[in-house]
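Student: Be aware that the sequence shown starts at 3, since it is given in my numbering, and climbs by one per residue.
Take these hints with a grain of salt, some might be off.
[Stated by the list, open to error] Pairwise CB distance ranges, derived in the manner of DEER restraints:
1) 114 / 501: 29 to 35 Å
2) 305 / 459: 39 to 45 Å
3) 47 / 114: 21 to 27 Å
4) 307 / 151: 39 to 45 Å
No lab work stands behind these hints, which were simulated from the structure alone. We put the beta carbon where it would ideally sit given N, CA and C, even for glycine.
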Amino acid sequence: MVSRLPRGTVTLVFTDVQGSTELLRSLGRDRYRTTLDAHRRILREVFGPRGGVAVEVQGDSTFYAFSYAREAVIAAAEAQQALTEHAWPDAPVSIRIGVHTGEPELNEPDGDGYTGLDVHRAARVMSVGHGGQILLSARTTDLVEGELPAGIGLAPLGRFRLKDFDRPEHIAQVTGPALRRDFPPLTAPPVTAEEAPATTAGHRGRHPGLTRRRLVAGTAMAVAVGAAAATALALRGTASGPTSNAVVAIDPKRDAVVARVAVGNAPTAVATGAGAVWVLNSRDGTLSEVSADARLVRTLGTTGVPADVATAGGRVWVAARPNAILEVDPTTAAITNRVMLRTAPTRFAPFMWLAVRRGELLATAGDLLSIVDVRTRRVRTVALPTPDWGAIAADAHSIWMTSNSELFHLSADGTDVQGSLSLPQAPVTLGDGFLWALNPVTNVVAQIDPVTNGIVRTAPVGANPADVAFGAGSVWVASQDGTVTRIDPERGVVQATIDVGGTPEAVAVGLGRVWVTVA
3 MVSRLPRGTV TLVFTDVQGS TELLRSLGRD RYRTTLDAHR RILREVFGPR
53 GGVAVEVQGD STFYAFSYAR EAVIAAAEAQ QALTEHAWPD APVSIRIGVH
103 TGEPELNEPD GDGYTGLDVH RAARVMSVGH GGQILLSART TDLVEGELPA
153 GIGLAPLGRF RLKDFDRPEH IAQVTGPALR RDFPPLTAPP VTAEEAPATT
203 AGHRGRHPGL TRRRLVAGTA MAVAVGAAAA TALALRGTAS GPTSNAVVAI
253 DPKRDAVVAR VAVGNAPTAV ATGAGAVWVL NSRDGTLSEV SADARLVRTL
303 GTTGVPADVA TAGGRVWVAA RPNAILEVDP TTAAITNRVM LRTAPTRFAP
353 FMWLAVRRGE LLATAGDLLS IVDVRTRRVR TVALPTPDWG AIAADAHSIW
403 MTSNSELFHL SADGTDVQGS LSLPQAPVTL GDGFLWALNP VTNVVAQIDP
453 VTNGIVRTAP VGANPADVAF GAGSVWVASQ DGTVTRIDPE RGVVQATIDV
503 GGTPEAVAVG LGRVWVTVA
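Please model the complete structure; the sequences and the hints are all you need to start from.
Tutor: Next up, the structure:
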């Protein structure tokens with residue numbers, strides 16, 4: 003079959019509806035579906051004549067491909083104008099649009115979609131914007147600058163850290179007489195002039211690829227850091243060994259690094275249990291087993307694209323994109339089972355997330371929550387209201403999940419929303435009777451009361467916090483400035499800041515140690 007999608011250098015356009023969850027709640031399912039259909043029709047009628055080809059349409063999100071960057075940007079401006087001028091019978095629809103030009107690979111053998119980092123970059127550019135806004139990546143900006151018709155302009159916004167990418171992105175906003183210009187700041191951390199040299203040097207020679215926990219989107223949360231940051235105790239690790247492609251062991255009794263173990267390429271997720279430490283190496287597609295005394299035992303291959311790891315029921319479980327969970331026997335290191343989820347492969351769900359509670363493994367992928375009985379391997383599936391779910395935490399009473407810039411409190415079976423609050427899509431954990439959620443925009447961890455769904459207090463952590471875990475009586479936050487912050491859960495104050503070096507990606511507590519992956 004000959005693909006209808008453009009090949010070679012392609013401009014990718016992602017859109018989604020801003021505030022779709024609230025729109026669904028206010029309109030009801032039937033009217034919401036009618037509104038979505040109208041918005042999709044408008045996009046087709048605008049994008050089609052400009053050469054836009056629909057790659058995928060799912061829920062409130064669309065993905066189009068254009069052969070020419072200029073036509074894509076003009077089409078985006080015309081789409082925003084058409085949506086603004088449309089006579090909506092209920093509530094108006096506002097979309098955010100992200101545009102990036104690259105050389106994505108066509109799916110084989112049918113060529114019915116694209117794969118590659120350019121697809122993810124386009125989606126991330128879109129995800130940091132607001133309803134009514136059009137954002138361009140640096141490459142698209144370079145191609146269209148000086149080529150757009152009169153009335154359509156570009157306003158540079160600066161460099162930002164996009165979710166899942168090492169290298170900051172220059173982002174520009176499309177302007178025009180029919181387009182809004184007064185938007186809140188982008189929901190990604192900007193790179194300041196002071197940070198720019200360090201950012202460039204820190205990633206010299208590294209592949210600017212995806213890493214699972216580099217989560218930098220969201221809405222800023224008002225905090226007062228005060229003097230707590232100044233009183234944090236900075237402790238430099240003394241154990242010799244690698245500071246990249248490694249897992250670092252911290253002794254919680256001394257708040258000191260005691261070992262560094264080389265593992266695979268680009269280690270991301272880490273879990274303890276089943277007698278060992280298990281490290282997922284995202285770029286190798288491998289799983290490393292590390293002993294409690296910090297020795298590399300073995301490394302085994304996985305299938306699919308590994309995204310997360312957990313232990314439950316005496317087994318090791320690996321989330322493999324797009325829709326499988328691999329069961330690993332910790333004794334033989336063999337994959338003994340593949341639990342297939344009902345989630346369909348999609349460009350809108352590049353990640354999977356795992357959580358464990360008594361007797362169950364929970365996985366988010368796409369627009370579905372899957373609850374796996376670790377004894378019978380039976381899977382219960384719950385539909386979720388939006389396709390871009392992120393990190394998850396669960397106990398016997400509730401499930402906590404992040405999506406876009408909201409943190410949702412769900413019932414134990416995942417069927418009812420019991421509350422929500424505005425927070426970035428970032429890792430969360432449960433401990434000491436509270437939920438602990440990262441805010442990578444303001445570099446804090448929030449302590450949340452699960453009864454009131456309110457923030458009790460916040461504590462400062464390192465720059466660009468990447469993961470959070472609870473154990474050894476403390477909350478532990480790994481940040482990509484090379485530090486791990488230890489927080490007293492009772493007082494919410496920083497007990498220690500431990501220098502581990504490298505770029506921390508994930509943290510887990512178990513086997514008498516705190517384990518941190520560094521890329």
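Student: Compare the structure with each hint and give your call.
Tutor: Against the structure, the hints:
no.: 1; hint: 114 / 501: 29 to 35 Å; verdict: violated, 48 Å
no.: 2; hint: 305 / 459: 39 to 45 Å; verdict: holds, 43 Å
no.: 3; hint: 47 / 114: 21 to 27 Å; verdict: holds, 23 Å
no.: 4; hint: 307 / 151: 39 to 45 Å; verdict: holds, 41 Å
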